[in-house]
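Engineer: Just so you know, the sequences run in chain order W, Z, R, U, P, A, C and S. When you line the first sequence up against the numbering used here, it's residues 1081 to 1338, in that order. When you line the second sequence up against the numbering used here, it's residues 1081 to 1338, in that order. When you line the third sequence up against the numbering used here, it's residues 155 to 337, in that order. When you line the fourth sequence up against the numbering used here, it's residues 155 to 337, in that order. When you line the fifth sequence up against the numbering used here, it's residues 23 to 94, in that order. When you line the sixth sequence up against the numbering used here, it's residues 23 to 94, in that order. When you line the seventh sequence up against the numbering used here, it's residues 712 to 1071, in that order. When you line the eighth sequence up against the numbering used here, it's residues 712 to 1071, in that order.
Check before you lean on any hint, since a few could be wrong.
Below 30 Å or equal to it, Euclidean Cα-Cα: the simulated DSSO-like pairs (lysine-lysine) are [what the hints assert, rightly or not]:
(1) R/332 with P/55
(2) R/307 with Z/1233
(3) C/936 with U/240
(4) R/259 with R/307
(5) Z/1292 with S/892
(6) C/713 with C/759
(7) S/892 with U/240
(8) S/946 with S/759
(9) C/982 with C/713
Just so you know, these hints were derived from the structure itself, not from any lab.
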Amino acid sequence: MSEVRLEDIIKPENKVYSKTDLLTDTVMHYCPGCGHGTAHRIVAEVIEELGAQNNTVGIAPVGCSVLAYNYFNIDVQQAAHGRAPALATAVKRLMPDRLVFTYQGDGDLAAIGTGETIHACNRGENITIIFINNGIYGMTGGQMAPTTLPNMKSSTSPFGRDVEMMGNPLKITELLAQLPGTAYVTRQAVHTPAHVRRTKKAIRKAFDLQAKGAGTTFVEIVSNCNSGWKMTPVDANKWMEENMFPYYPLGDIKIPAE
Amino acid sequence: MSEVRLEDIIKPENKVYSKTDLLTDTVMHYCPGCGHGTAHRIVAEVIEELGAQNNTVGIAPVGCSVLAYNYFNIDVQQAAHGRAPALATAVKRLMPDRLVFTYQGDGDLAAIGTGETIHACNRGENITIIFINNGIYGMTGGQMAPTTLPNMKSSTSPFGRDVEMMGNPLKITELLAQLPGTAYVTRQAVHTPAHVRRTKKAIRKAFDLQAKGAGTTFVEIVSNCNSGWKMTPVDANKWMEENMFPYYPLGDIKIPAE
Amino acid sequence: MTEEIIIAGFGGQGVLSMGMILAYSGIMQDKEVSWMPSYGPEMRGGTSNVTVIISDTRISSPSLNMFDTAIILNQQSLDKFENAVKPGGLLIYDPNGVNRHPERKDINIYQIAATDKAAELGIARLFNMIVLGGFLKVKPVISEEYIELGLQKSLPERHHKLIPDNLKAVQTGKEIIKAIQTV
Amino acid sequence: MTEEIIIAGFGGQGVLSMGMILAYSGIMQDKEVSWMPSYGPEMRGGTSNVTVIISDTRISSPSLNMFDTAIILNQQSLDKFENAVKPGGLLIYDPNGVNRHPERKDINIYQIAATDKAAELGIARLFNMIVLGGFLKVKPVISEEYIELGLQKSLPERHHKLIPDNLKAVQTGKEIIKAIQTV
Amino acid sequence: MAIKGAIVVDIEYCKGCGVCVGACPQEVIRLSKKVNGKGYNFAEMQNDACVGCSNCAVVCPDGVITVYRLKV
Amino acid sequence: MAIKGAIVVDIEYCKGCGVCVGACPQEVIRLSKKVNGKGYNFAEMQNDACVGCSNCAVVCPDGVITVYRLKV
Amino acid sequence: MKELRLMKGNEAIAEAAIRIGVDGYFGYPITPQSEVLEHLMAEKPWEKTGMVVLQAESEVASINMVYGGAACGKKVMTTSSSPGFSLMQEGMSYIAGAELPCVVANVVRGGPGLGTIQPSQADYFQATKGGGHGDYKLITLAPSTVQEMYDFVGLSFELAFKYRNPAIILSDGLIGQMMEKVYLTEYKERWSDEYINKTFPWATTGRAADRGNSIITSLQLQADKQEEVNLRLQKKYREIEDNEVRYELINCEDADYYFIAYGSSARISQKAMELAAEEGIKVGLIRPITLWPFPTKIIRELGQKSKGVLSVEMSAGQMVEDVRLAIEGKVKVEHFGRFGGVIHSPAEILNALKTKIIGG
Amino acid sequence: MKELRLMKGNEAIAEAAIRIGVDGYFGYPITPQSEVLEHLMAEKPWEKTGMVVLQAESEVASINMVYGGAACGKKVMTTSSSPGFSLMQEGMSYIAGAELPCVVANVVRGGPGLGTIQPSQADYFQATKGGGHGDYKLITLAPSTVQEMYDFVGLSFELAFKYRNPAIILSDGLIGQMMEKVYLTEYKERWSDEYINKTFPWATTGRAADRGNSIITSLQLQADKQEEVNLRLQKKYREIEDNEVRYELINCEDADYYFIAYGSSARISQKAMELAAEEGIKVGLIRPITLWPFPTKIIRELGQKSKGVLSVEMSAGQMVEDVRLAIEGKVKVEHFGRFGGVIHSPAEILNALKTKIIGG
Ligand SMILES: Cc1ncc(C[n+]2csc(CCOP(=O)(O)OP(=O)(O)O)c2C)c(N)n1
Ligand SMILES: Cc1ncc(C[n+]2csc(CCOP(=O)(O)OP(=O)(O)O)c2C)c(N)n1
Ligand code: SF4
Ligand code: SF4
Ligand code: SF4
Ligand code: SF4
Ligand code: SF4
Ligand code: SF4
Ligand SMILES: [Mg+2]
Ligand SMILES: [Mg+2]
């Protein structure tokens, strides 16, 4: 077999996978191994597949993904911390034929933005929320998030999250699934190829449902913050499987009736 | 029987019921027949029964019950709209041996205060929340609340609440019951003697659980806003039974394990 | 001509709408008008008042402390506004429920038993139009025909059929108002 | 005496802690000190720098544009700070990964191959102490003994056992620094 | 042994809402034709069937009813 | 018929996170001893066992892997 | 002939919004301005012009909805009263930083805190100096009639879009609740998507091949870049100061003294001026219509040559600082205010002129 | 001897809070001040002094927790940075209206909007004029060293309780992030319940037979009552203005010119002053320590007799208005600022003095 040389394989006509053009060429500022990058890519791939590049408005949060607008080659608004669902509400209502999604971290969505998240979902705003749950405030240096696990260390729970004092991790996704306004609520991950493919399908499904006017679609992605967790990326992914997934089990939480 | 004259009956030693001294003599500003007054009275009666008059801090909201501090003869703080649970959190943590409760309307608690409510409950703050759900913003003139029923008229849904446009009524109480931080969650009413007595028991139970450090206790009272609903008090109570109760069924939603 | 009026009474007495009809009628007669209510939280009960100004020229302040005319519909309002009538001005009041009657000597005082009359005629809802009629009798700042136009503009279409009754009540008011003191 | 220093390099090179040890040592020697870091969002990577001032008198501005000494640990920082050295001042740099060497003629330039040395000795974590040693060799603004006290104060108790190794690295730095140009 | 009850309504504080009327199992209460100082038709006993059960007082939003009971 | 694959890593954009390494079913990838301009040990092919399954590219957070596949 | 209506100030805002072709209103009830949302809901403009109306869950949500809508190049607005406007301060700063055109009306009530629901002008500083963080300015219009409440909706949007800057209407409970004659304008169509795309290439309406992708943000992690943003903003602010000062002069021809008053206070001061004239005191009224940009020049010009100036506000003294900055110590400047929801009487104002300025 | 530590300004705030016996801290992370909460969580003061520390769900929650705690007569505080402080404006107005003593530190960053996380002083207006609604004032202290970050925590609480008024520490990313020597004070015990009950009868600690029930509110539905509240507040503010002005004079003995600068800018201006001295230009520095009450009197006194005054701020020009109000047009007043997160260099400041004042 070794007679096939690399040069023979590496030819444009043999290309089976490369980064979508819907992402710009700007180097992402994320830490090595951070799931944000992967999540960005599959969102972009779905938009590309839908041919919706010129018909989409994304809303970036405050959090590590605040600069998402530098990477997505689509129109993006950068929202105040926690308020992305409010922006998305207005955008979608004013331009109902656009594909509108927010991309938010767990601090953004489940702490300061709790009210906006719940009410947008409760109104059944016809938007998609992509929710990156890394159990920590990445951008500001690894503080405790609403989703930080019991006993998990962070810079504001340096001896581990003490649930007596600091409360329980908030399973906001399960709460949102209770609201009649949400059409599709799922929890996924992006640390292995299989999970990436499954998550991409989930995003596709969410966007398709949005196009049908089904109501709010919500895709949680449990991800790592290797920097905030103070681990190597590979260790972080392993830790995530062992610790985050039992608490935040992957899978669909609510799927449309029909 | 008619030989017993009224003067014989109406004597101090025959008194079986009168307004508790834990309420001041100030005339309540509530509209005739408004449930706020009844709710105040039974909260006051429970505090009196517990001998907790000098050991209680109440938090009044912004809403018709903003002036609750004029009626309760206990220490009261008046909170910004929606923020009563944040105040109560601090009060209880700083003075853990006090009985601390908030008294909030549906606009206050379930619209602007959604974040504070959910996070106080999620942290399991050892406080009691008394939640008056009258399906409307009473104080400001009968605007739609998060809890306004489908097709129900209000000054901001003059043709009835259109759930497509304005979203579904938010059953916040059911959501809060999902949180591990809440110890006791119940829904009651105060428009008939039987309901009043039952609700009083619920409040007693909530306060007792708080004394035991059980976590957040939450008593919803479905009530009328005859003024906002534009009905007589008696009609309003009837309408409430027929329309509010099916949507907000009375009874315990979560009771402590043991 | 500038007429500065305060109308004051209980919440449910139609104080605000009386003022509004007056103002709308003023507009129909090509006057400048302003209508400034007291306002408070929603709860039922309590007193309510409105300042109405009708003028031939641009109106400066819509909020005033002294008035040409005070139309008073309960005791509390009488206590509050009796002294706010300009010397030589007009005070009209409904004696129903009033136990301390106006005492000023330097103003014109009229009584209108509109509550009783309305009850008698079974037109409680038009009580305020009776009062309005009384006022217009004493001070015809707006001509008859414009009141009808004012009603047309201020009432929603579906209530237009009630306009004749309204006008009749105005007429009644003109008939029953009586002078107590003129200066 | 006032010594105004900038230390600049990659995020992971211990730039900030080097500055902190220097500052703490200054305190132990009864100097006035200030330590002003560049700071940014959390994400790993990127450059990092800190301004350290050690003085016998009250320090006015903790933030400066010109420095007595620049301690430079990568190319980007060299590009950025070469011109921020005062004429006659000192520039120390680690040549590892540097392809454009300093060009100024009016300053003292020293090289310290701390990266290589640290790798060679298997003490990558003490890389910054080697650099510190080199600086102190050239400018002994802090006496030896106070560096040890500074380490004691700045390291958490549980790391005190590493102090001898730190001091050894400082010693190494003093040995390996070499002058490129003196003015 | 019979039980005789009576209520005293604090007339000036009563708002005439009528909630007590329907709450009374004995149909003791009615709203008066008279009004109080605030213009409300206050509650009053219309017969002597009161058994002092306190239902009326318990639902009165303004807490203006005091209840008495005598075993005769 | 066999399938031969190959990947091209955009070395300067690779952050050396190593996530692709574990994702490859064929153990094709390793992190280089060399570093790129930003100081990262970038990913590289260590053998010719690649089957072009794209797993590595799909999990690469920075999308720096391009995958080629040839049926031979 | 234009349609004539007797309307509350609040209703006039709502009606103007519908008629000038506003695309979206997002608001939360609060006295004394709830009639804005109520009027809109009753009029169902979504059936007439396609205007979106939504009751938000809070003022924080409202202002961020406005951000989202404005970022699409749509005409969007919200209204509130003092405590609600305070909650919007982060949002206002973001909107100013991202240079989004939009309109916010604050129908001011007495503060601080929950205060009272009666009229006040004590939110002047908040509006004109910046209640939010950072160096930014809001174009601030102060209506003093119900007609102006109506007219300024259109004017605010015009200025907002002209400068890509938020504009606010600073009114109060008096103007909001009072009724006056209003001449209504014809219904205008809302802007079409094509118009928006062509006119506002910055708007995030969905990427277009010819302009690439639009980004709306107020973030610049690098300080020097953020300084550039600020320099651009400051340049724009100077331009607005040069071009958009608006005021009204009443009886200023040969005045010895001046009242400086805006909004409701200007109305009441006008009455005080009438009373003064009766006593032979010559007072003029300078009524700032734009509070920012503030009519510094005219106040300086007229005021410095007068015998004294009285700043009349329903506050403890806020605008008076801008008046002092204009007068530069040349003549006496005093403040007269009632506050916490109390409206001054014309007689009081005249009296203040006599004691604080003429006799003072 | 006092304990000596090398600390960040943010850590100094946290350490001071523990040592002076603060009862509760409630805060939400934001750069550049997250070290405050982090330091507290690492130190576990609840084990040392019983201090409560809680990470809130937002800044809105933090400030309202502070309201609740302060209403109990407890020493409570929060810290944030610009966008977070903007979110607290409703709360600040309530706290001022309810007259609650508490301390809030704003470690300012470049705005507007999300801006940048680098140092700025562009929240001066917000702090001193009132970012929230209504007529109220915050006692505003501007530390310019890490030691002052430490010391002003105690001082702020002292003033806050003395006047039942919120106090804020207006710092910035430079002072927050830099390390300097700090002399730490001894641990003080927190106030006992008995002490609080006795000293603060207004506090809602649970009704007591001798004082009846306490009510903490900022509501007065009747305007005249609300005006009384405001009159009481204004009286208190005048008292604070009379008693609590603090400033530092550096080299002011025979200065021809003055820099007016606070916080970080004062540090940098001091360096500029050194550079000026080298060139024989006699400049003094007036450093306001309290921004409100503003040291108007001393600036007027010295400044009006000088050849010109330069207000140096990391903003587009905010404090300069107060300087102008003090100088009253008597001598030239100019502003020099860098902004959006850029820190001015000493040389630039000197240059600005030369071009804007001396040569200008
Ligand atoms: C009003 C406000 N408060 C706080 C912050 C500071 N802040 C920026 S990002 C962030 C948390 C980010 O965490 P998360 O949403 O989980 O995103 P991640 O970085 O983990 O992806 C915080 C608190 C801010 N910018 N604005
Ligand atoms: C920040 C803020 N927004 C809005 C208001 C106006 N406001 C006062 S009470 C109220 C709603 C009250 O409704 P609810 O909580 O249901 O109480 P109810 O009066 O029905 O008992 C609103 C919106 C306010 N005071 N503050
Ligand atoms: S800090 Fe955490 S979330 Fe942010 S880029 Fe790094 S790893 Fe990702
Ligand atoms: S408005 Fe409604 S809630 Fe308020 S007092 Fe009246 S009936 Fe009760
Ligand atoms: S329930 Fe109370 S307030 Fe209502 S009518 Fe009866 S006694 Fe009067
Ligand atoms: S006590 Fe019972 S029986 Fe007597 S009036 Fe009241 S409800 Fe009727
Ligand atoms: S996953 Fe991507 S960035 Fe990470 S090492 Fe592999 S190629 Fe490099
Ligand atoms: S394409 Fe598949 S086989 Fe080839 S390197 Fe990538 S993961 Fe391995
Ligand atoms: Mg996160
Ligand atoms: Mg309600």
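Engineer: Each hint needs a verdict: does it hold in this structure or not?
Structural biologist: Going through the hints against the structure:
no., hint, in the structure
1, R/332 with P/55, "holds, 29 Å"
2, R/307 with Z/1233, "holds, 25 Å"
3, C/936 with U/240, "holds, 26 Å"
4, R/259 with R/307, "violated, 39 Å"
5, Z/1292 with S/892, "violated, 47 Å"
6, C/713 with C/759, "holds, 19 Å"
7, S/892 with U/240, "holds, 26 Å"
8, S/946 with S/759, "violated, 40 Å"
9, C/982 with C/713, "holds, 29 Å"
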